[in-house]
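Undergrad: Sequence:
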Amino acid sequence: MPRVICTAKMCEFGPHFEILQAAGFDVETVPTEVDLRREPHRVVEQVQGYDAVLAGAEIYSREVLEQLPDLKVISRYGVGFDAVDLTAADAQNIVVTITPGVNHHSVAEQAFALLMGIARMTRTQDRAVRSGVWERELTPRVWGSTIGIVGLGRIGQAVATRAIGMGMHVLAYDPFPNADFAKTHQIKLLGLEELLTQSDYVTLHLPVTPETVDLINRDTLALMKSGSVLINTARGALVDENALVEALESGHLRAAGLDVFKKEPLPVESPLIKLENVLLSCHTGGLDQESHRDAYAMAAQNIVKLHQGEWPVECVVNLKESTGWKWS
128 MPRVICTAKM
138 CEFGPHFEIL
148 QAAGFDVETV
158 PTEVDLRREP
168 HRVVEQVQGY
178 DAVLAGAEIY
188 SREVLEQLPD
198 LKVISRYGVG
208 FDAVDLTAAD
218 AQNIVVTITP
228 GVNHHSVAEQ
238 AFALLMGIAR
248 MTRTQDRAVR
258 SGVWERELTP
268 RVWGSTIGIV
278 GLGRIGQAVA
288 TRAIGMGMHV
298 LAYDPFPNAD
308 FAKTHQIKLL
318 GLEELLTQSD
328 YVTLHLPVTP
338 ETVDLINRDT
348 LALMKSGSVL
358 INTARGALVD
368 ENALVEALES
378 GHLRAAGLDV
388 FKKEPLPVES
398 PLIKLENVLL
408 SCHTGGLDQE
418 SHRDAYAMAA
428 QNIVKLHQGE
438 WPVECVVNLK
448 ESTGWKWS
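The sequence shown begins at 128 in the numbering used here and counts up by one.
Hints are computed from structural coordinates only; laboratory data are not their basis. Note that CB positions come from ideal geometry on N, CA and C, so glycine has one too. Among the hints, a few may not be true.
With beta-carbon atoms standing in for the labels, derived distance ranges [unchecked claim]:
no.	residue 1	residue 2	range
1	194	390	18 to 26 Å
2	252	398	38 to 46 Å
3	344	213	23 to 31 Å
4	137	435	22 to 30 Å
5	402	436	25 to 33 Å
6	261	159	38 to 46 Å
In silico BS3-like links for lysine-lysine, alpha-carbon gap of 25 Å or less [stated by the list, open to error]:
no.	residue 1	residue 2
7	401	390
8	453	136
9	432	447
10	390	136
11	352	136
12	315	352
13	389	401
14	432	453
15	432	352
Using the sequences and the hints, build the whole thing.
TA: As structure tokens, then:
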């Protein structure tokens, strides 16, 4: 009987157990007291001996994968795969899959929650009222402002349609833009530098690649409009956090809304925690009840399909079907 272990957080909820068990898999979960993101040295201990892992955000480095000779599939919950060394996975003939198209609305909602929380000073006003202070402050209107979307894939497009509904002017940068979507929604496609200079709000929705690591750095932050806002619900690696802190402390940026960080969980000593003009959340952008259910179902189905000889082409991020990979 093939064996699967679920390491993703909250994996005790969802339809994946039924899907996998109905297909003949023995399914186990990591004990709830084990957090592989905080204890990466325990990944090998927990995953060793399993054929497949329904994985969360824990890291699968070359060193880790070399100690997992039985592993055939890493089925990621979510769309990010930067935690997996794909070159090492290729070398060991391990298929890596993701769950595209199930949480883009949730991430777009998180981006707008951060944007609106900053724009309307929600946290500040809540604290003031709770402390007995009744002082009102004028805030910039979101309607009529300009949002620059960096990355116009599924999530970026979901952000764009919401921004249009909010009466915002929408600019976008993408190295491979969907020109038809942009034309249909009257989105102006620009180069990154031009977008940064024109946007009141900049929201990031690109994957991590060698070209996008620290895309937002001292130089690109300097291009942003004085008093503008940065939103990041994509990946922490896109932003040079030291440079961001400098831009926030100097007042060049009015604020930042961050759901993702270089190191997660965000260390308590991070200077970002001390800044009042930063709104933080704990990488929950893709988490709502429906997205959670659908992502777990797709992650389980990816494992089942591969075991049955099918190739979920839109979900596999490393090996090609032409390699003749087989579950064996």
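Undergrad: Does each hint fit the structure? Answer for all of them.
TA: We went through each hint and held it up to the structure:
1. 194 <-> 390: 18 to 26 Å: holds (23 Å)
2. 252 <-> 398: 38 to 46 Å: violated (24 Å)
3. 344 <-> 213: 23 to 31 Å: Hint holds: Cβ distance 25 Å, inside 23 to 31 Å.
4. 137 <-> 435: 22 to 30 Å: Taking Cβ atoms as reference, residue 137 and residue 435 lie about 27 Å apart, which means the hint holds.
5. 402 <-> 436: 25 to 33 Å: This hint is violated: roughly 52 Å between Cβ atoms.
6. 261 <-> 159: 38 to 46 Å: holds (44 Å)
7. 401 <-> 390: holds (16 Å)
8. 453 <-> 136: The given pair, whose Cα atoms are some 29 Å apart, is violated under the 25 Å limit.
9. 432 <-> 447: With Cα atoms ~15 Å apart, residue 432 and residue 447 stay inside 25 Å; holds.
10. 390 <-> 136: holds (17 Å)
11. 352 <-> 136: violated (38 Å)
12. 315 <-> 352: holds (18 Å)
13. 389 <-> 401: holds (17 Å)
14. 432 <-> 453: OK: residue 432 and residue 453 at ~11 Å, within 25 Å.
15. 432 <-> 352: Measuring from Cα to Cα gives roughly 48 Å; hence the hint is violated.
When each numbered hint is compared with the structure, violations occur for hints 2, 5, 8, 11 and 15.
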